[in-house]
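J.: Residue numbers (my numbering), protein chains in the order written: chain A, 1 to 454; chain B, 1 to 161.
The calculated DSS-like cross-link candidates involving lysine-lysine, where the alpha carbons are at most 30 Å apart (straight line), are: (1) A/Lys-344 to B/Lys-155; (2) A/Lys-98 to A/Lys-344; (3) A/Lys-441 to A/Lys-25; (4) A/Lys-150 to A/Lys-344; (5) B/Lys-155 to A/Lys-98; (6) A/Lys-355 to A/Lys-59.
Far from chain A by the CB rule (all over 10 Å, computed), these chain B residues: (7) Arg-9; (8) Asn-20; (9) Ser-108.
Simulated from the structure, these hints should not be mistaken for lab results. Remember, predicted model here, so these are calculated numbers, not experimental data. From the three backbone atoms N, C-alpha and C, an ideal C-beta is built for every residue, glycine too.
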Amino acid sequence: MIEIFDPNTHQPDDAQLASLVQPTKLHRRLYIDEQIFELEMQRIWGEAWIFIGHESQVKNPGDYYTTQINHRIPVILVRDRSGAVNVLHNRCAHKGAKLVDTVEGNARAFRCCYHGWTFNTDGSLLKIPNESGYEGTGFNIQDPSNNLQKVRCASHRGFVFATLSDTAPELNEWLGGAREVLDNLCDRAPDGEVEVAGGVLRYEHDCNWKLFLENLNDTMHPMVTHQSVVQAAEDYIATLPPEASDQRAEAEIIPPFGASYENFEDSGITGFAYGHHYDGGKTSIHANYSVNPDYWAAMLSSYGEQRSKEILSFNTHNTLYYPSLTIKSAVQNIRVMRPVAVDKCIIETWSFRLKGAPDEMLQRTLLYSRLINSSASMVGPDDLEAYSRIQDGLQSNGSDWVEMHRQFNRDKQLADRTVGGGTSDLDMRTQYQAWQAYMGKLAHHIPTGGVSDE
Amino acid sequence: MSDQTPDLRAIEAFLYDEANLLDNPDLDRWIELYSEDATYWMPVLPNQQDPLNHISIFYDDRVMMEVRRRNFVHPRAASKDHAVRASHIIGNVRCSGSNEQGDLVVTSNFQCVLYYRREQRLYAGTYLHHLIQSDKGFKIRHKKVNLINCDAPQKTLTIYL
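One chain only, chain A, in its complex shape (with noise of 0.2 Å):
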């Protein structure tokens, strides 16, 4: 048994911590352990760049969104009247009431239910009720400590994250190479940007947070986990004339999913820095999609033939940015984690609009996030059933190790990046690399490849 925790201290050690990830496998600790989810919470999600919302959802001065930025933290992003956008921490400076309790909605300024104190919509106090019951006792009203105190945030085209960390780097370095599919999602809207849009959907998973990870460029899964769907689709249209299934975006959003090894192998998977990767680029399971005439029309008119090729040619299935936000630039939609214990999470499904693109986008969106990620599809729930069992199988201790092998002695180092097949584990290797240095604080690198430890 390894010992991470002191008994008597009950601190961490680094170095053991490190040794449950090792280049090809994983300790069935990661999953199961209570107090490593726990530190899980601080080194990772206490250090990484989390996903809190996007500017869209605070368009006005005092529009705000609130939400968590780990397992407890409440935080409130919020536009200030200056304009500009904040996250802060909810919680009330006097006796620590969580000043906002309703998911959105404007403010002139926060008052607290209990005594009043008041707070300007850019953090600072604005006024206690019966101040002069302070006066001579030492408390200054202008000392900063009596503001909601701020988040380090930043935004990329409108993506706002927020670290708890002073030490993480900038927002841009931290995403890197990743970057370009945040940005092929906006520049699929004609106009170069997107909005929140069409509301969200909360699915409770009863599993630690890293097995949906880990399924997001899983391409090993799909036929055999999601088989039946596909057959269900596909026998259900053999029954319809063929101009009936033409007219239905369910008979192109679903049969992808009983793709081949080979086709998925095509896809390639790319890993960078932070844990953060994607798979698909040349192709992917939305590579077919047909493309609506007056969507297309648009894009035309902003980009020119050329560039709108480029842009739409660009098809990646999933991308995570570690470990809070996955999105699908091909379908505008994004998945959000976030983690409540070691063994339940909430996963948010959003929806964006690309702006000047026709309404039918969003609906196809907004289609394609019914039919797969949510709790009532027939795609996402037989993904859980597997999450579900993997926590409950990793409670044996027939063996202590999760393997992750799959081609890893063809992964392919480049400049900024790792790339590999489409069937490899070089997604997991890249989560687990950050994992074990965020955890065991060690530096982070560039994923790379390596010799096999056998």
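Model the placement of chain B on the given structure of chain A, informed by the hints.
T.: Just chain B now, with coordinates in the frame of chain A:
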């Protein structure tokens, strides 16, 4: 469509029959209660107006129902390895007359205790049914399920409510 005065007892009996086909799920028979142009909607917001430009928990037309009923009994759908057992109670059934299409507009309250994956859950809310009335009985053209916790995080739901 016929001009018969709505018979509340007959409507109630029809709703009970539908619930029965969901209690011990038989989607092949359940789908036959629906018209070819039917829709089944479970919004994600209270008072949600739009099923197309806003996300929903369910928004199925007949095509999706046809795929779903085939998937529901497919031996390779691991999420269906666990049987669904449900118990619906329907009450407060009211018919407020006909809409522009001539369909009967029926509202009711429901509670559904559902057992799935070693866990018992409670769903509650209101149903809205648009019923086509003919000499052969009723067909459902539209069913809307308003869950009282529609905007809460949802667990896997492999069956219609």
